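Colleague: Could you slot chain L onto chain Z? The hints should help.
Residue numbers (the numbering used here), protein chains in the order written: chain Z, 370 to 700; chain L, 370 to 700.
Please note that the accuracy of each hint is not assured.
Stated by the list, open to error - Capping the alpha-carbon separation at 20 Å, the derived lysine to aspartate or glutamate pairs in DMTMM-like fashion look like this:
(1) L/K411 <-> Z/D454
(2) L/K494 <-> L/E480
(3) L/K411 <-> L/E458
(4) Z/K575 <-> Z/E585
(5) Z/K411 <-> L/D478
(6) Z/K411 <-> L/E458
(7) L/K494 <-> L/D478
(8) Z/K536 <-> Z/D572
(9) L/K658 <-> L/E694
(10) Z/K595 <-> Z/D579
(11) L/K544 <-> L/D579
(12) L/K411 <-> Z/E585
Unchecked claim - If you want the footprint, here are the derived chain L segments under chain Z, 3+ residues with CB under 8 Å:
(13) 404 to 414
(14) 419 to 433
Since the hints were derived computationally from the structure, they do not count as laboratory data. What you are looking at is a predicted structure, and each value in this text was computed from that prediction instead of being measured. Backbone N, C-alpha and C define an ideal beta-carbon position, used for all residues, glycine too.
Okay, here's what each chain looks like letter by letter:
There are 2 protein chains.
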Amino acid sequence: MSDRMDVVGIGNAIVDLLSRVDDDFLVKHHLIKGAMTLIEVKQAVSLYEDMGPAIEVSGGSAANTIAGLAALGLATGFIGKVAQDQLGEVFAHDISSLGVEFNTVPSEDREHTARSFVLITPDSKRTMNTYLGASHALGPDDVEAEFIQRASIVYLEGYLWDPPGAKKAFLKAMKLAHAAGNRVALTLSDSFCVERYRAEFRDLIKNQVDILFANEAEIISLTEAKSFAGAVSLMESQAEYVVLTRSEKGSVILNRGQQVAVPACPTEIEDTTGAGDLYAAGFLAGLAKERTAAACGRMGAICAAEVISHLGGRPGTGLLRYLEERLGRVT
Amino acid sequence: MSDRMDVVGIGNAIVDLLSRVDDDFLVKHHLIKGAMTLIEVKQAVSLYEDMGPAIEVSGGSAANTIAGLAALGLATGFIGKVAQDQLGEVFAHDISSLGVEFNTVPSEDREHTARSFVLITPDSKRTMNTYLGASHALGPDDVEAEFIQRASIVYLEGYLWDPPGAKKAFLKAMKLAHAAGNRVALTLSDSFCVERYRAEFRDLIKNQVDILFANEAEIISLTEAKSFAGAVSLMESQAEYVVLTRSEKGSVILNRGQQVAVPACPTEIEDTTGAGDLYAAGFLAGLAKERTAAACGRMGAICAAEVISHLGGRPGTGLLRYLEERLGRVT
Numbered sequence: 370m371s372d373r374m375d376v377v378g379i380g381n382a383i384v385d386l387l388s389r390v391d392d393d394f395l396v397k398h399h400l401i402k403g404a405m406t407l408i409e410v411k412q413a414v415s416l417y418e419d420m421g422p423a424i425e426v427s428g429g430s431a432a433n434t435i436a437g438l439a440a441l442g443l444a445t446g447f448i449g450k451v452a453q454d455q456l457g458e459v460f461a462h463d464i465s466s467l468g469v470e471f472n473t474v475p476s477e478d479r480e481h482t483a484r485s486f487v488l489i490t491p492d493s494k495r496t497m498n499t500y501l502g503a504s505h506a507l508g509p510d511d512v513e514a515e516f517i518q519r520a521s522i523v524y525l526e527g528y529l530w531d532p533p534g535a536k537k538a539f540l541k542a543m544k545l546a547h548a549a550g551n552r553v554a555l556t557l558s559d560s561f562c563v564e565r566y567r568a569e570f571r572d573l574i575k576n577q578v579d580i581l582f583a584n585e586a587e588i589i590s591l592t593e594a595k596s597f598a599g600a601v602s603l604m605e606s607q608a609e610y611v612v613l614t615r616s617e618k619g620s621v622i623l624n625r626g627q628q629v630a631v632p633a634c635p636t637e638i639e640d641t642t643g644a645g646d647l648y649a650a651g652f653l654a655g656l657a658k659e660r661t662a663a664a665c666g667r668m669g670a671i672c673a674a675e676v677i678s679h680l681g682g683r684p685g686t687g688l689l690r691y692l693e694e695r696l697g698r699v700t
Numbered sequence: 370m371s372d373r374m375d376v377v378g379i380g381n382a383i384v385d386l387l388s389r390v391d392d393d394f395l396v397k398h399h400l401i402k403g404a405m406t407l408i409e410v411k412q413a414v415s416l417y418e419d420m421g422p423a424i425e426v427s428g429g430s431a432a433n434t435i436a437g438l439a440a441l442g443l444a445t446g447f448i449g450k451v452a453q454d455q456l457g458e459v460f461a462h463d464i465s466s467l468g469v470e471f472n473t474v475p476s477e478d479r480e481h482t483a484r485s486f487v488l489i490t491p492d493s494k495r496t497m498n499t500y501l502g503a504s505h506a507l508g509p510d511d512v513e514a515e516f517i518q519r520a521s522i523v524y525l526e527g528y529l530w531d532p533p534g535a536k537k538a539f540l541k542a543m544k545l546a547h548a549a550g551n552r553v554a555l556t557l558s559d560s561f562c563v564e565r566y567r568a569e570f571r572d573l574i575k576n577q578v579d580i581l582f583a584n585e586a587e588i589i590s591l592t593e594a595k596s597f598a599g600a601v602s603l604m605e606s607q608a609e610y611v612v613l614t615r616s617e618k619g620s621v622i623l624n625r626g627q628q629v630a631v632p633a634c635p636t637e638i639e640d641t642t643g644a645g646d647l648y649a650a651g652f653l654a655g656l657a658k659e660r661t662a663a664a665c666g667r668m669g670a671i672c673a674a675e676v677i678s679h680l681g682g683r684p685g686t687g688l689l690r691y692l693e694e695r696l697g698r699v700t
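The following block holds chain Z by itself, in its conformation from the complex (with noise of 0.2 Å):
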């Protein structure tokens, strides 16, 4: 095949087990709430233990953001390495379901399919530990060149630099959609993912990033700025468009020396995972639909607003309804 696709995403494969927990729960886990943090097997089972029921839904920061584009009708593909378990099938029927192309060979490993406990605090913010498993088997022979080239963006998660074979695949896939002439788009993902790797995130973001997606936390240890205005003036010019994410207060793009901010869109908040993912997904498909940056980032904050409005980072079947009602038509 060598249909054109939208996007293609690459990221961790992972299921998400979502519990309802006390904030109690966090401190007596020594838990840093609404980050995300790697466990070991270990670790993951004892958690496991003392966690109430869960419900799973498939989830991955970059995954949601490409079964969010699904939903919006767009033509996506998708990158990531699950096991040959049970988790593992549930990823990839819910991922290949919504029409995204889906084709990457499963770890042979011992390794389970990567799972995140997500812990939804009183105030409906999520906290994550995740339990990479398989995801760390991704490499770059998963990254198809051809894959790749259809692609009009690529899309990674910070994630992604975290297990070594998945950072080759990252650069690989990055390089391969600019010698395509395609765009690549990160988003940071965690602002301790962000400490983790400031300089390397720094370097690839003024040379080889088109679009990048941070939040407030992620954009302040990115520049070490004090405030976040002091962050959007550091950042001015980093990249083709810079998306900053603040939850209620909105978003801010910069886009060739312009700089628009975007209010958020009301909405009863029943569990925040996915955010951050579905305002990508929202913003990239107005950017497919050429759309301005105004109204790119007005498609991000509605799909963020669908998200947090149920349980689980995917958005539900009615997205583009949702989206079309409080948008006008798109076309």
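Modeller: Showing chain L alone in chain Z's frame:
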């Protein structure tokens, strides 16, 4: 341990895969809306391939009821067979983490843990397609005398009549409970299940069931009456409690010659999965607290309202508070 338990449930140990579909999907797959259909592996694979993304939530009719009772603070146990796979771990985790005693040894067969494809149509009704898998391995050896004897009530689901070993386990548990002077509760599960075993169920209820739960379709199937009123009159004195649920029309309880009508508890309906199961939980919790039939019915109605107000057949963590707010303090 010889601590008393309020209720021990025996049922199929199932993980539900919840997915929203259009009515056309049911038509295309020749599915009977609202019913539970048993499917084999081949059908399970083809149905899953055709379905959209799903959410995985522990289910099983009696298991949902026991989860509800545990959430209400009762001492409970569960007997049901999972496989040694990830969905089996999910089921075991979810029920154990509620404080339910669950020690059934997982099956060593090749069969996977049972799964039910729960298809939710736009009218919020659920249609279930269940692959029983490892549940077929449940047998009388899984029913330990001491475990049953500890429980004031043993709660059984009609679905157990399908796998031959489970039926034997069911009969053994019933005998043990009565020999120990404890009560037996049965839910008829599904009108098609009743149709498959009508004569056996009639005999069982008349002679060995103390508390019967059935919905309108099930009781009409059981009695072959022409109307609900006709079914009610045929069920007089068939068991100590005959509890008949009628969705938004509320419930009717027959108890020692008395007939009590209880209205439904109004709520926004998101997904009807687990409505009957949680009604039974509320009702049995009332019985454990020696409430009147009317009070038990009211508790059942409120618990049913909670579970249909969100996705999945298991109650949320706030079930007890939800009940208390609507009923006045439960002590």
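Colleague: Please go over all the hints and tell whether each is borne out by the structure.
Modeller: Hint check results:
1. For the proposed pair L/K411 and Z/D454, the alpha carbon gap of about 18 Å is at most 20 Å, so the pair holds.
2. A C-alpha spacing of about 29 Å is found between L/K494 and L/E480, which places the hinted pair above 20 Å, so the restraint is violated.
3. Distance hint between L/K411 and L/E458 is unfulfilled; the C-alpha atoms sit about 24 Å from each other, more than 20 Å.
4. With a C-alpha separation of about 19 Å, the suggested pairing of Z/K575 with Z/E585 holds against the 20 Å cut-off.
5. Distance check on the hinted pair: Z/K411 and L/D478 sit about 27 Å apart at the alpha-carbon level, beyond 20 Å; violated.
6. Distance hint between Z/K411 and L/E458 is fulfilled; the C-alpha atoms sit about 16 Å from each other, no more than 20 Å.
7. Our distance criterion of 20 Å between C-alpha atoms is broken by L/K494 and L/D478, whose separation comes to about 34 Å.
8. A C-alpha spacing of about 15 Å is found between Z/K536 and Z/D572, which places the hinted pair at or below 20 Å, so the restraint holds.
9. As the CA atoms of L/K658 and L/E694 are separated by approximately 18 Å, the hinted pair is consistent with the 20 Å bound.
10. A C-alpha spacing of about 25 Å is found between Z/K595 and Z/D579, which places the hinted pair above 20 Å, so the restraint is violated.
11. Taking the CA atoms of L/K544 and L/D579, the gap is near 13 Å; set against the 20 Å cutoff, the hint holds.
12. With a C-alpha separation of about 49 Å, the suggested pairing of L/K411 with Z/E585 is violated against the 20 Å cut-off.
13. For a cut-off of 8 Å, the count of residues in the stretch 404 to 414 of chain L with a CB near a CB of chain Z stands at 0, and the three-residue condition is violated.
14. Only when three residues or more bring their CB closer than 8 Å to a CB of chain Z does the claim for the stretch 419 to 433 of chain L stand; here the count is 8, and the claim holds.
Comparing the model with each earlier hint shows violations of hints 2, 3, 5, 7, 10, 12, 13; every other hint is respected.
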